[in-house]
Structure formats: structure tokens, C-alpha cells
Amino acid sequence: MSGQGYARENVAMSDRAMTDKDVLAVYDLHKHYPLPRESLFREAGRVYALNGVDLRLGAAGSLGIVGESGCGKSTLARLVMGLEVPTAGRVEILGRDIAAMQGAELRHHRRHFQMVFQDPFGSLDPRQKVGRIVAEPLHVLGGSDAAQRAEMVAAVLEQVGLRASDRDRYPHEFSGGQRQRIAVARALITRPALIVADEAVSALDVSVQAQVLNLLRDLQEEHGIAYLFISHDLGVVDYLCEEVAVMYLGRIVERAPAKALFAAPLHPYTRALLEAVPRPEPGRRARMVLGGSVPAQTGRGRGCVFAGRCPRAAARCRGEEPPLIGHGDGHFAACHFPGDFSG
Amino acid sequence: METVLEADRLTVTLQTAAGPARAVRDLSFSLQRGRCLGIVGESGCGKSMTALAIMGLLPEGAHTAGRVLLHGEDLLALDDARMCAIRGDRIAMIFQEPMTSLNPLHRIGDQVGEALRLHKRMGRREAWEKALFLLERVGIPDPHRRIGQYPHQLSGGQRQRVMIAMALANEPDVLIADEPTTALDVTIQRQILDLIQDLAAETGMGLILISHDLGVIAENADDVLVMYGGMVVEQGSSEAIFRRFAHPYAQGLFAAIPKLGAGRDTRLRTIPGTVPDIADLPPGCPFQNRCPRAEAVCAVTVPPMERVGEGHRAACLFLDKAEAGA
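Residue numbers (the working numbering), protein chains in the order written: chain A, 1 to 343; chain B, 1001 to 1326.
Calculated directly from the structure, the hints in this document are not laboratory data.
Which residues of chain A face chain B? A partial, calculated answer using Cβ under 7 Å: (1) Ser69; (2) Ser175; (3) Gly177; (4) Val208; (5) Gln211; (6) Asn214; (7) Leu234; (8) Gly235; (9) Asp238; (10) Tyr239; (11) Lys259; (12) Phe262; (13) Ala276; (14) Pro278; (15) Glu281; (16) Pro282.
From a predicted model like this one, the values you see are computed outputs, not experimental measurements.
Don't be surprised by glycine CBs; every beta carbon is placed ideally from N, CA and C.
Model the full structure from these sequences, guided by the hints.
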């Protein structure tokens, strides 16, 4: 049953021509984690974190991944970064399967993809000076001398809006927003083709978050970096990304250009997410409230992953898993009854 | 309308390693029965310290001035025993972290029932039964089973529902919710905020909702305080404030939010610099060093609250008078 679902999804994906220009290509990616065995006589349980995800991201593109906790978006980031090995499926960066590389080869390939983490306090070593932190990827890559590294550190610090002299200071001397700039500088220094950002602005105050968002946008324009930008904040994703994928229980349930997705969502879950976002406008709104919560990822039922919370679920949704199919103009949705929320 | 809680020039000074920090300065408001007062601001603006001052839960060494009147009784002047009798009975609080604010070693039913046994002198069985009713009221599915479980067996949203049940056990006059949904997913956030609103309307309690999220405040509060650097910089009805922000900080904060649907065609306006450290506030206006309108006088004068519209005031020396004339 589910196997057929994946096959159909691949067919759906193929209408976007494969090109060598893809910075990131993810094929039918699965990640399951084993749970501790509770009984001798029963098979150990599993957490189904990712259940067949396909993605493509071209040079200088930006893809936002949105969804609630437990949807698999952080697992996806870790697999793309090669921090974990997929249960099934493949991650290719600049055409090379990262699970097939090891040791020095993988380390060298890593210059092309870097990550910015959520917590600007936990992700910088408090005992090292900023210059050393930012130069770390160069040390790992090797092949540069101290003078070259110093020059490159000064250049990236200025690019992210800090001063070259900041290299001699420690992380605790900086505010949260400045620390996130340091983290971006560290990611930039290898001139990567892809930056994976997992909730990179979520810990920042709004007034500071806007500065970092503008920085990320400017850097993309100047250097043609592709972003895989993971966030729970739809407004942030809309601001930064050309294309958006919505995840639910380890699957992509809708994918579209940001404009189309936010103006005319096709999947009921996307619609519910959009409606739930509180808006800073006068007056209260009436809207669709989604009952229940995201179910545990330990079971795999038949049918649509969202059927249990979906206001329009029918018998078909509980028996047959909807494939991710195209609705024109790069808009895909995995729903038997997509669109038309006027009623 | 009946006023249940009133703050009159509430000031909180904290002892920090860097010296005394003015966490809250001259804060005044009045909260009516059945109304929701929203307090919005960024980290370090003093919104949580305001809540803790009202609850009598300030950290060691904190100093308060001014008055906080609950039905005319000054909470800041009460001794510990009297405050303990009021806290959890007449005034209750919901915290941000549903993970850490429940005791992992006690069953849900015992934790919800504790306030009833303490304040209402109920027996164990009676409190357990009332707890069951409360869990049902806050929408916990399968309450008969949940009541005997431990916090780790519940999801984040359900734990926050338990916190709400605890806070409501004695039908308080005032409920303070400090970032009650910040740790929750958006679809769950909606459910929890709707629940709090329904319960407030049903019992007629006054609600203080504290959030960093302008959207949450706009959709839930009747009246709003915007705080910055320990001071209220703008206050008024939610309608008036979200129709037109008057203070340059509030305007900047609003402009800095990525609006859903605005997409990539717009560019966010940012506020330069970063939120101030309350231990190191400049004299004069707290926003002066980030403010596009600041002039020399702002560095020496604390701006008074000025009227900008019906029930709408802001603390700035350079309010746009043409705008304000409306």
C-alpha cells in the first residue's frame, strides 16, 4: 500500500525536469528510529520520523519547510547535512550522494553545505574567540595559512554586519542577534552553495530578527546561496523563500511557490496552519479551529496522515493514502479533496 | 465596570551583578472584571517582572514601590501569610513552560486538587472529584484516565490545559497568563487561547495576557500596554492601538514583523541596535538610542504619557501631532 504511494509520488516529482544545476536533491527519504524493546515477545517499536520525502533545490533557490513539532522538519535538516544516515532514500548535494562519502572526502564536500542552528547561545564555543570560531571550517578543510584565514575572517565578518576587529572578542560579549550573525559568518566562510537553517531566527526578538532576515536575503542576492530554511513561523518563511513545503507526520503534504501557497492553499492542513497564525490587526476574526493534536509518530496507519484531524476526511481518506500530485504551476498537494475552501 | 486589579506607579528594582536594575518603572493600569489586558514587549522589557510583582514572586533582593490594589487591598504591603492566602485563590498565574511548572512526581489529580485542599480545606476525595470536573472543563480528553497519570504522560498542549485547570480551581478574580502558548504549536496555541478566553468570559475574571507576539495580543486583548525598557510606552484599547501605533518603538516593532502574504516583494523595516539591558538604561527616554525621531532633549527627559486619541496614550516627546489630532 504505502510502497505504491511512494512510487506515485516519484512520478509526480518527475514532471519537474532533473537538471545538473540542482544544489540539493532528496529522493524518497525515510528515517525511522528504533524504540527500546519493551517485551521479549514483541517486536521493538519505531518512530517514523520521515516517510518518503522528495525535494529539489536549484542554485540560489530558497525552499522553506514548515510544519509543527514532530513533523520531521529537523530530522530532514540533519539528514541533508549528513549528520545522520537515512533508513532509505538518498540525499545528493551538487550531484553527489552524501551517504556514500566518508572521512576526508565528506569533510571536503562539506565546504559546499553549511548549517545555521537555532540557539545562538549554544552553538558558539564560549571559550574561543570569534575569529577562531568563524575560521573553524577552514581549519577542517585545510589548505589555507594563517594570513589567508585572517583575511577571509575579516571579510565575512564585515559581510554579516560586524567589524573585523570583533574577531578578538568572545561570544558572551555579543547580543543574541550579533551571535546569530557570527553563526552566519561561520557558515559563509567556505563559500557554500547551500545553507541549511533550522529555526535560525526563532530565538531572536522581533526587532533583531528582522535585521538577520534582511541580512540572509542580501547574502543570497550577492552570493547566490541556496537556502533550505526550516521554520515554524509562516511569516518568516514567506518573507525569505520562493518555494514552501508543508510537512505533516514525516511527509510533504503540500509544496508550491510561496505566493500560491499562502494565497490559495490546496491542502486542508496548510489552510488550518495559515488560519491559526495570529495577526497583528484590529478586530477579531472567525476561523477554522483544528481539533486534536499531532499524533505520535510511532504508528503507521493506512490512508492519509491528516485524516484524523481533517474536517473534510471521508472514507476514502482513511483507506487510501493520497499521493503528492501536481495541480499546475509547480503546486503539489497530497489530498483527495484539495482546494476550494469557500464553503 | 468593576475594577478588580489596579496598579499605581508600580516600580520594581532588581539587584544584579551590574548593580540595581530598574526592571519596571511607574507602571499604572486598571483591570476590569471580564476584560483582558495584554502586555506586549520584547525580552527584558519588564513584562514578566510586572507579573511576578503582582504575584509577590519577585526574586530575592528585589525592591518594589507604588501600589498594586486587588479589590482595594495593596498586595505589595501584605505579609507572606496573607499573600499566600491570596495567591492561588484570588489571583492565579499560568507560566510559559508547561514542562517545568508541573511537578513530575505527583499525579495530575493531586496537583490540580492541591489548591482546593489548601484554600478551600477540601478533603482528598472531594478535591479529586472537583479536579476531575476541572480537567473535563479545560477539555482534557479521557479525564478519568488522565487524572491518575503523571505530567510526562501528557502532551505539551494537555499540560498547559492542566496548568489552566490548576489556576482556575478556586475561580480567581484575576488570572495572569505569561506567554501561555509560546512553547506550543500554532494550531494548539489557538485552542489554548480560545479556552482561556471562554473561561474568562464564563467566570468574569480579569485576565492579564503577557506575550511577545503582537498577533496574540491583537486577537485576544481588550486593552494593551506596550512596554520597552521597563516602561509603558503606549497604552490604549486594542482597537485603537492596532489601528494606529503612535509610539516610534511600537511602530518599529510592528514594521519589523514579517507579515504573512507580504512575500518577497517587500523589505522589512528594522530597528537598529538591540534591546537595552535594564541594568544599564540611559537617563531620559529608554528608546532614545534606537529611535529615528530622537533629539538631544530625549537623552535628559523621561517623556510623559500624552493623549493621542480616545483612551489611547503614548510616552514620546515627538508624537506626530497631525496624526495624534484624530
